[in-house]
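Novice: Protein chains in written order, with the UniProt record's numbering: chain A, 1 to 471; chain B, 1 to 471.
Chain copies aren't distinguished; within one or between two, either way the pair holds.
Mimicking BS3-like on lysine-lysine, the simulated pairs with C-alpha atoms at most 27 Å apart in a straight line are:
id	residue 1	residue 2
1	Lys88	Lys19
2	Lys317	Lys417
3	Lys317	Lys407
4	Lys407	Lys312
5	Lys6	Lys144
6	Lys241	Lys6
What the hints contain is simulated information worked out from the structure, not anything from laboratory work.
No experiment lies behind these values; they were computed from the predicted model shown.
2 protein chains.
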Amino acid sequence: MNPLVKAVEYAVRGPILLKAGEIEMELQRGIKKPFTEVIKANIGDAHAMGQQPITFLRQVVALCTYPNLLDSPSFPEDAKNRARRILKACGGNSLGAYSASQGVNCIREDVAAYIERRDGGVPADPDNIYLTTGASDGISTILKILVSGGGKSRTGVLIPIPQYPLYSAVISELDAIQVNYYLDEENYWALDVNELRRAVTEAKEYCNPKVLCIINPGNPTGQVQSRKCIEEVIHFAWEEKLFLLADEVYQDNVYPKDCQFHSFKKVLYEMGPEYSSNVELASFHSTSKGYMGECGYRGGYMEVINLHPEIKGQLVKMLSVRLCPPVSGQAAMDIVVNPPVPGEESFEQFNREKEFVLSNLAKKAKLTEDLFNQVPGIHCNPLQGAMYAFPRIFIPTKAIETAKAHKMAPDMFYCMKLLEETGICVVPGSGFGQREGTYHLRMTILPPVEKLKIVLEKVKDFHIKFLEKYA
Amino acid sequence: MNPLVKAVEYAVRGPILLKAGEIEMELQRGIKKPFTEVIKANIGDAHAMGQQPITFLRQVVALCTYPNLLDSPSFPEDAKNRARRILKACGGNSLGAYSASQGVNCIREDVAAYIERRDGGVPADPDNIYLTTGASDGISTILKILVSGGGKSRTGVLIPIPQYPLYSAVISELDAIQVNYYLDEENYWALDVNELRRAVTEAKEYCNPKVLCIINPGNPTGQVQSRKCIEEVIHFAWEEKLFLLADEVYQDNVYPKDCQFHSFKKVLYEMGPEYSSNVELASFHSTSKGYMGECGYRGGYMEVINLHPEIKGQLVKMLSVRLCPPVSGQAAMDIVVNPPVPGEESFEQFNREKEFVLSNLAKKAKLTEDLFNQVPGIHCNPLQGAMYAFPRIFIPTKAIETAKAHKMAPDMFYCMKLLEETGICVVPGSGFGQREGTYHLRMTILPPVEKLKIVLEKVKDFHIKFLEKYA
Chain A
1 MNPLVKAVEY AVRGPILLKA GEIEMELQRG IKKPFTEVIK ANIGDAHAMG
51 QQPITFLRQV VALCTYPNLL DSPSFPEDAK NRARRILKAC GGNSLGAYSA
101 SQGVNCIRED VAAYIERRDG GVPADPDNIY LTTGASDGIS TILKILVSGG
151 GKSRTGVLIP IPQYPLYSAV ISELDAIQVN YYLDEENYWA LDVNELRRAV
201 TEAKEYCNPK VLCIINPGNP TGQVQSRKCI EEVIHFAWEE KLFLLADEVY
251 QDNVYPKDCQ FHSFKKVLYE MGPEYSSNVE LASFHSTSKG YMGECGYRGG
301 YMEVINLHPE IKGQLVKMLS VRLCPPVSGQ AAMDIVVNPP VPGEESFEQF
351 NREKEFVLSN LAKKAKLTED LFNQVPGIHC NPLQGAMYAF PRIFIPTKAI
401 ETAKAHKMAP DMFYCMKLLE ETGICVVPGS GFGQREGTYH LRMTILPPVE
451 KLKIVLEKVK DFHIKFLEKY A
Chain B
1 MNPLVKAVEY AVRGPILLKA GEIEMELQRG IKKPFTEVIK ANIGDAHAMG
51 QQPITFLRQV VALCTYPNLL DSPSFPEDAK NRARRILKAC GGNSLGAYSA
101 SQGVNCIRED VAAYIERRDG GVPADPDNIY LTTGASDGIS TILKILVSGG
151 GKSRTGVLIP IPQYPLYSAV ISELDAIQVN YYLDEENYWA LDVNELRRAV
201 TEAKEYCNPK VLCIINPGNP TGQVQSRKCI EEVIHFAWEE KLFLLADEVY
251 QDNVYPKDCQ FHSFKKVLYE MGPEYSSNVE LASFHSTSKG YMGECGYRGG
301 YMEVINLHPE IKGQLVKMLS VRLCPPVSGQ AAMDIVVNPP VPGEESFEQF
351 NREKEFVLSN LAKKAKLTED LFNQVPGIHC NPLQGAMYAF PRIFIPTKAI
401 ETAKAHKMAP DMFYCMKLLE ETGICVVPGS GFGQREGTYH LRMTILPPVE
451 KLKIVLEKVK DFHIKFLEKY A
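Construct the complete structure from the given sequences, taking the supplied hints into account.
Specialist: See the structure below:
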């Protein structure tokens with residue numbers, strides 16, 4: 001067996017989810033538990049938590065799937081127009097034909113137009129857009145191309161700690177060197193460029209740090225980076241000739257009024273040609289998050305800036321081997337970047353649905369922060385963005401010792417107990433990385449408000465009992 | 001840049017397709033050519049060639065996409081029942097939720113039931129079924145897990161020559177050792193177990209041959225393996241403790257009356273417990289080929305037999321990192337394995353559509369063989385299965401020299417000339433591998449009959465002129 005594969009870890013669907021599956025089976029077999037259902041707050045899976053799909057997106061994809069519906073009076077004209085345009089760009093006018101390896105042309109054009117609007121007119125070239133099978137696929141592919149060298153010249157990839165474990169998994173699989181930089185928990189999980197500098201300086205002793213991964217808004221940490229921070233990071237990447245990977249899949253998920261999403265691309269261009277013509281950047285987006293939550297479609301795109309033409313050629317070749325991203329996911333991506341606009345028949349309903357999801361998420365972000373911070377021994381930074389809470393949990397020494405006796409990380413022990421006693425499935429902080437001696441958990445805020453309140457109350461009760469038990 | 005990535009080649013979407021794209025652009029810009037359109041016979045992309053989707057499959061996927069349609073009287077009840085069942089098995093009853101990493105449970109159950117029916121009752125366990133993002137994804141993932149060792153103990157992967165270039169691409173990316181075994185062109189491209197033995201024996205000098213890849217029906221060669229041949233291969237794999245990868249994506253594409261598809265799984269079980277409890281096997285299927293040709297959905301499955309539980313765990317982990325295969329592709333796969341049955345409302349139309357596609361393919365297979373064999377300097381084996389012709393083409397010495405002067409493989413030179421002069425895009429045999437000094441091309445037989453005749457006439461005229469020019 002491949003030792004690199006063996007070394008891969010992926011906590012979001014790791015042992016805790018296997019255990020959750022076992023418990024669900026036991027419940028089905030009628031085994032009595034102190035709860036009646038398992039609540040999977042381990043993964044950002046909006047629809048599984050009851051969020052409804054955006055009607056317009058589904059109408060367009062259904063029309064593309066079964067074009068007979070183009071004659072049906074029950075579909076709005078704007079949806080039909082979108083579907084006709086997508087089908088016209090597909091081989092044989094069918095979602096069943098392979099698309100170009102880079103994705104359907106007109107969808108890449110729509111992505112470029114979306115980026116230009118988002119970034120206040122900074123130009124975007126459809127040739128730089130690659131549609132992907134979710135953001136994960138894009139991130140893995142670009143990392144695969146960039147990694148090289150052996151020994152001390154092996155590529156080092158800088159990732160935030162805490163991170164989303166796709167990064168550590170891919171780095172491990174590629175036998176690249178993971179270089180950690182720590183986000184500042186005391187300062188709302190901000191990225192401090194001095195910490196980046198420390199990480200790069202130390203890494204140069206044992207590898208060739210070449211790639212810098214940023215997750216903004218943060219997963220699992222939920223911070224939204226300030227414009228100033230992004231400028232500093234770009235300047236640092238320019239100085240150190242680092243390739244920037246900007247994971248921006250939560251760009252629509254920003255909640256407090258005083259926070260705003262700034263794309264790395266926009267800031268890069270606003271910093272002037274010295275930066276915008278030199279710093280290599282790939283940024284990622286997806287159908288899975290935002291207000292649409294279409295995880296199952298595996299739609300996504302990446303935009304690359306200043307990529308060497310030879311690397312671009314390699315990228316297309318590697319995408320070609322897998323033929324193309326799922327075309328229905330590409331169609332879904334098109335609606336994310338090209339939604340109804342004011343004046344179109346579907347605009348009002350679309351906007352109502354979108355605002356409903358986003359305002360609820362904002363409410364739940366605040367609720368979660370507030371409720372966690374009422375619990376003794378739990379501290380939760382504000383959830384400025386994304387869809388997770390990553391509170392710090394105090395674990396008593398006796399519990400840490402018990403965990404170690406079970407050969408478990410203390411926060412894994414905590415999360416397992418939480419699952420067994422309440423049916424709530426969350427992921428231990430150790431799956432994302434955390435400063436030595438600190439413990440966390442990641443929980444999604446996706447359950448509906450009333451259910452989320454119950455979940456948080458249950459976590460509170462569990463935590464208080466846990467503290468008592470291991471006092 | 002990763003040198004392993006640089007070494008990857010994928011001819012089906014290689015330089016010839018880039019050139020075809022350039023020519024299409026020139027045609028669009030009004031540049032005059034001796035033809036008015038580029039015909040992309042380089043890839044098995046049925047819908048792009050005008051094949052119509054199977055109505056029932058699209059109805060079910062549309063119903064799953066936009067469940068409001070479940071109330072519409074214009075959809076048949078059997079399609080609605082399929083859609084309701086799939087949705088019930090999805091998180092939040094939505095195609096937009098992530099599925100389990102291994103795929104939606106009820107779809108895996110349907111796959112297992114399909115395999116049992118196909119294999120005359122040989123049992124299939126849903127736990128052994130993994131839904132994938134097309135067959136390519138399954139093949140890459142399993143190879144990634146199996147490859148290990150360094151130097152002389154590096155894993156050797158046996159592949160047929162000619163092969164489908166996904167295999168060489170993945171082997172190259174994984175830095176595994178490609179071990180070629182040659183199919184016997186003089187004997188309808190049959191697989192000779194003596195040739196397998198030669199290949200393994202020689203390979204043991206420089207690597208650890210551990211995996212044996214079989215493509216049946218053959219791509220690009222179109223042969224259908226006899227039951228006897230499969231038995232011999234399984235016996236050989238058992239003797240040599242080889243892991244069998246059976247690429248069976250063309251299992252529905254078998255044309256002559258005296259040919260029959262035998263799955264490796266079925267033959268393995270029929271050979272008795274000594275084999276069926278020991279030989280490790282993974283077999284692959286897809287929504288992309290057969291009579292449905294739904295390439296764009298990226299649906300597929302693999303069934304694994306005798307996989308060690310630890311490797312199974314690793315497999316689920318690696319699939320988890322990518323979260324799940326596209327759920328709409330999983331739904332499409334469900335209809336491939338669970339189509340309407342006699343007595344159901346949609347059966348008649350489904351069956352008519354299926355037979356139309358398959359009988360046309362059979363007709364085109366014969367037509368292609370016959371027409372190619374009328375051309376002096378072209379020899380084409382019978383197309384027993386799949387959807388390609390792989391004729392041997394005689395290239396005169398003068399043309400070989402000209403090609404070499406252009407630093408091109410002689411058959412690449414030939415195919416480039418064919419593309420430039422006729423607009424027909426096919427792939428040179430060198431992209432699939434062929435015996436030294438022989439030349440071939442791969443062409444799909446997917447264009448509609450009348451168009452295919454024109455294509456074949458054009459190839460004939462081109463070939464005759466080519467022979468004259470380089471005589």
